[in-house]
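Participant: Given these sequences and hints, build the entire structure.
Below are the chains, spelled out letter by letter.
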Amino acid sequence: MEIIKPAVAGTLESSDCQVTVEAGEGKIDFSLESSVINQYGNQIRRVVFETLENMEVKNVRITIIDKGALDCTIRARVEGAVFRSVGQIDNLPWGGAIR
Amino acid sequence: MINPNKKRLRRTMMFLSAQKPGLIKDPYIYKPDSIMLDLEDAVAENQKDVARFSLFHALRTIDYRGCERVVRINGLDTPYWKEDIRCSVAGGCDAIRIPKTECASDVMLVEREVEHAEMEFDRPQGSVLIMAAIESARGVIKALDICEASGRLFGIALSGGDYTKDLQTHITGTGIELMGARQNMVIAARAAEVQCFDTVYTDLNNMEGYRQDVENIHLMGFDGKSIINPRQINIVHEIFTPSQKDIIFAEKVVKEIEDKKAKGIGVFTVDDKMIDIAFYDGAKRTIKLAKASGVYKGDL
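Line by line, the protein sequences are chains A and B. The numbering used here puts the first residue of the first sequence at 2, with every later residue one more than the last. The numbering used here puts the first residue of the second sequence at 4, with every later residue one more than the last.
Accuracy of the hints is not assured; some may be wrong.
To be verified - Taking CB as the label site, the calculated pair distances span: (1) Asn39/A / Leu112/B: 50 to 56 Å; (2) Pro127/B / Lys6/A: 36 to 42 Å; (3) Glu241/B / Lys6/A: 49 to 55 Å; (4) Ile90/A / Pro127/B: 35 to 41 Å; (5) Gly88/A / Ala47/B: 16 to 22 Å.
For the record, the hints were derived by calculation from the structure and aren't laboratory data. These figures come from a predicted structure and were not determined experimentally. Glycine included, each C-beta is placed from N, C-alpha and C at the ideal position.
Facilitator: Dropping the structure here:
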């Protein structure tokens with residue numbers, strides 16, 4: 002999938018995270034802000050990259066502000082932002098690219 | 004296929020916004036019988052799209068430890084409900100709650116989409132149940148048709164806020180404005196052999212009034228109540244779970260009826276109360292409810 006326009010999903014509430022995606026420069030440019038970055042930074046990065054890979058997103062600038070989100074919430078917010086950026090709200094690939 | 008969960012214990016069904024990760028990550032700690040993950044009113048219009056992703060992954064990855072997972076989809080008059088069903092069924096939900104159900108064809112419409120989704124996402128046919136929320140005078144009048152519209156439908160629920168608006172009154176806290184709807188819905192549900200659930204009680208500071216409300220709907224014959232706060236759960240479970248006194252009496256009734264029947268005696272007394280065959284089903288139901296609630300230690 003190609004990022005078409007900048008998009009945001011998620012909030013800054015506890016247990017959530019806010020994900021922003023913008024068109025990249027030929028690669029995945031990842032930035033993370035989290036109070037648990039030392040303990041979970043690598044784990045969050047792994048979940049984000051895996052989620053992007055499932056959707057075949059290879060060219061994106063992605064910014065995460067984490068407020069203690071579970072992995073499932075991180076996945077949901079990354080997907081939410083990506084599908085918002087392409088404007089797709091129906092016929093989503095549940096269980097396919099979204100998994 | 005008859006879904007074995009169709010008649011499961013549902014004393015409490017706790018509403019949670021599917022859009023709030025902090026709410027949906029661990030509601031099982033409060034031990035409601037069911038949780039209702041909401042895509043409808045609790046999710047703002049501009050968050051409908053992203054709420055589904057949260058819902059899908061919560062259903063897929065969080066172990067809700069035996070709580071039934073019901074999803075309230077958006078209304079059939081919105082552009083969202085079909086995708087809500089695809090997402091919920093793909094995620095593995097146990098049931099779909101239809102809001103603002105007005106007639107049998109609303110249930111049939113949802114049933115068709117659920118069937119398609121089960122096929123699309125390789126779930127066994129019949130594995131996803133349906134419940135219908137009734138929120139209007141028309142819905143109350145059509146309650147029996149709604150109850151009988153689908154073999155998947157396990158129950159109906161009153162939604163008091165919208166219903167009282169339609170009736171041109173308001174929630175008073177006394178229940179007087181809900182009397183007709185409650186009575187009609189319980190009768191319809193019993194006639195169709197499905198369950199019936201009461202509306203939420205929104206005044207969280209009036210626990211006395213809440214307890215009275217729960218006692219009333221229990222006596223009216225409801226199977227359970229919709230819950231908006233974990234504080235409300237224990238009172239419902241306490242009132243809807245048979246007491247040890249009830250269980251002991253029910254055991255005596257069942258055993259005595261079976262014993263006397265074999266001896267050709269039709270009417271007799273247990274603990275100074277007149278008993279005949281008409282008490283048998285009620286006593287059996289008490290034992291069944293006690294078993295389902297995990298409080299039965301006997302041998303029936």
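Participant: Hint by hint, note whether the structure agrees.
Facilitator: These are the hints, each one checked on the structure:
Taking 50 to 56 Å as the suggested C-beta distance range, the pair Asn39/A and Leu112/B conforms, at roughly 52 Å. Under the hint 36 to 42 Å, the C-beta atoms of Pro127/B and Lys6/A, about 40 Å apart, fit the expected range. Between Glu241/B and Lys6/A the CB atoms are about 53 Å apart, so this pair conforms to the stated range of 49 to 55 Å. At roughly 28 Å, the beta carbons of Ile90/A and Pro127/B sit outside the given window of 35 to 41 Å.
About 19 Å separates the C-beta atoms of Gly88/A and Ala47/B, a value consistent with the hinted range of 16 to 22 Å.
Checked against the numbered hints above, the structure breaks only hint 4 and satisfies the rest.
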